[in-house]
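Mind docking chain B on chain A? Use the hints.
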Amino acid sequence: MIRVRVIPVLLLGRGGMVKTKRFADPQYLGDPINAVRIFNEKQADELVILDIEATARGDVDFERIEDIVSEGFMPIAYGGGIRNTDQCAELFRRGVEKIVVNTALAESPQLVSDAAARFGSQSVVASIDVKPNLFRQPRAHTHGGRKATRYTPVELARTAVALGAGEIMLTAMTREGTFAGYDTALLAAVTEAVDVPVIANGGAGRIAHFVDAVVDGGCSAVAAGSLFVFAGKDAGVLITYPSEAELAEQFWSRIDGTVVH
Amino acid sequence: MIVIVDYGVGNLRSIQNMLARAGFEATIARDPQTIAQATKLILPGIGRFDYGMDSLRARGLVDVLNERVVGAQVPVLGICLGAQLLGRGSEEGGGGAGQGGRAKGLGWIPMDVVAFDRRRLVNGEKVPHMGWTDTTPAPNAVGGAGALFAGLDAPRFYYVHSYHFACDDAQDVLCSARHGYEFASGVRRGHIVGVQFHPEKSHRFGKQFLANFAALGTAAETATSAAAAAGAMAVGA
Chain A
62 MIRVRVIPVL
72 LLGRGGMVKT
82 KRFADPQYLG
92 DPINAVRIFN
102 EKQADELVIL
112 DIEATARGDV
122 DFERIEDIVS
132 EGFMPIAYGG
142 GIRNTDQCAE
152 LFRRGVEKIV
162 VNTALAESPQ
172 LVSDAAARFG
182 SQSVVASIDV
192 KPNLFRQPRA
202 HTHGGRKATR
212 YTPVELARTA
222 VALGAGEIML
232 TAMTREGTFA
242 GYDTALLAAV
252 TEAVDVPVIA
262 NGGAGRIAHF
272 VDAVVDGGCS
282 AVAAGSLFVF
292 AGKDAGVLIT
302 YPSEAELAEQ
312 FWSRIDGTVV
322 H
Chain B
4 MIVIVDYGVG
14 NLRSIQNMLA
24 RAGFEATIAR
34 DPQTIAQATK
44 LILPGIGRFD
54 YGMDSLRARG
64 LVDVLNERVV
74 GAQVPVLGIC
84 LGAQLLGRGS
94 EEGGGGAGQG
104 GRAKGLGWIP
114 MDVVAFDRRR
124 LVNGEKVPHM
134 GWTDTTPAPN
144 AVGGAGALFA
154 GLDAPRFYYV
164 HSYHFACDDA
174 QDVLCSARHG
184 YEFASGVRRG
194 HIVGVQFHPE
204 KSHRFGKQFL
214 ANFAALGTAA
224 ETATSAAAAA
234 GAMAVGA
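First to last, the sequence lines map onto chains A and B.
Quick note on the numbering used here: the first sequence kicks off at 62 and runs consecutively.
Quick note on the numbering used here: the second sequence kicks off at 4 and runs consecutively.
This is chain A alone, in the form it adopts within the complex (with noise of 0.2 Å):
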């Protein structure tokens, strides 16, 4: 059986975890700790940290995400805020098992570069946030969504892997928080043009829009954030994740004879 990975999202803000909706109205959700040990118990695949409010603040809390990765034995990414190498390499010592790039794929690219050299393209991980431009041409965005490139999503995925990424996290801005599914045509528009592993990410409801993002979207993996923190839609905070009999019987086997890895 292909195990497609199911990735939670978690998002550090405000002191603690957020979850946000289209990228904003970022809402507490409480201590990422106590989340990281909720999907470790529940032995999810891999784990996505990124803190939205890095960037700005212009510095990596090393510490903090040192306290939050040793709570988990599976892989963990983190993203946000990362200017050099060295604090790449700083991020693996404490437990990170990769780092996830936005900005500096567009504005320090050598950074990019610098790191799949030293540490290996698997180590990184492009994070590409898209929405539509007033033309409603779709254009990626840095900065935590915040400012638009010039780069339509493929361009900006194809720049990533030519600059040594090793793996792609591709999110519908529009979608992300909205439990409606994924961008399938936005996913496969980039799967088709790279041939690194592809993370969907935005939009995911439930369990079938996994499937539609291997099947329809060509992703070798899926990320969530609302499915995985939130009871259902509109509704209270809840830490969550399938197991390995639903993944199974919802997922895995509804995508045998699919071309995904």
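Rather than coming from a laboratory, the hints here were simulated on the basis of the structure.
Backbone N, C-alpha and C define an ideal beta-carbon position, used for all residues, glycine too.
Errors might be hidden in some of the hints.
Computed footprint of chain A on chain B, listed as stretches where at least three residues anywhere in the stretch have a Cβ under 8 Å from a Cβ of chain A [claimed, not checked]:
#1 15-24
#2 48-62
#3 123-134
#4 159-165
#5 203-214
Interface residues of chain A toward chain B, partial, derived using beta-carbon atoms under 8 Å [stated by the list, open to error]:
#6 ASP106
#7 SER182
#8 SER184
#9 ALA282
This is chain B only, laid out in the frame that chain A set:
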């Protein structure tokens, strides 16, 4: 004393944390003196092969490792890049196929490290191979002396790699996994063990695997092996 070798490459704290969770204390060390006192060594590592080997050399650790592992027969576990370094060399950095090029390894296990053969990835499998993959232990890995897969039912581990082992001798294969095609995902020659996967990032499976390595050659391991052997005999009867 279990010593995790710090040569500037890899997530040492995760390994130490997982060992602690499994009930074993481990020391992270970068100085030859501490490394020389180890009763078990763990060689971690992520990243490029040539960078890893250069880092070992730059820190003056190759001699002490050779002396302890090859001379004093101290058990060693290489993880990911640390496992690849156990071989002769790697295609990553131009030293593969036994050519002894720039990226020459420690040479403790007769193997090369080769890139995934993209011609054999016929279903569009991507490189790097990244994710949780069912892992099949070789028969001697389960119940034999030093049972590294004891207590592991249908194990799956987390992998992240673009290169894999290519052993001269099939006897050295500890376990295998499939990504497009079946490849050796673990190697073992006596007290020298290497795994491509990340036990420190593989939940209860990794915890059990690390505990099994930590118990190698101890009374607990002898008991486990005896129990496994007894189980095998009972099945045989």
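Quick rundown of the hints versus the structure:
1. 15-24: It holds, with 6 qualifying residues against the three required.
2. 48-62: Since 4 is at least three, the answer is holds.
3. 123-134: Since 9 is at least three, the answer is holds.
4. 159-165: Coverage by chain A holds for the region 159-165 of chain B (5 residues, Cβ < 8 Å).
5. 203-214: holds (count 7)
6. ASP106: At 6 Å from the nearest chain B Cβ, A/ASP106 passes the 8 Å test, so the hint holds.
7. SER182: holds (7 Å)
8. SER184: Because about 6 Å separates A/SER184 from the closest Cβ in chain B, which is inside the 8 Å limit, the hint holds.
9. ALA282: holds (7 Å)
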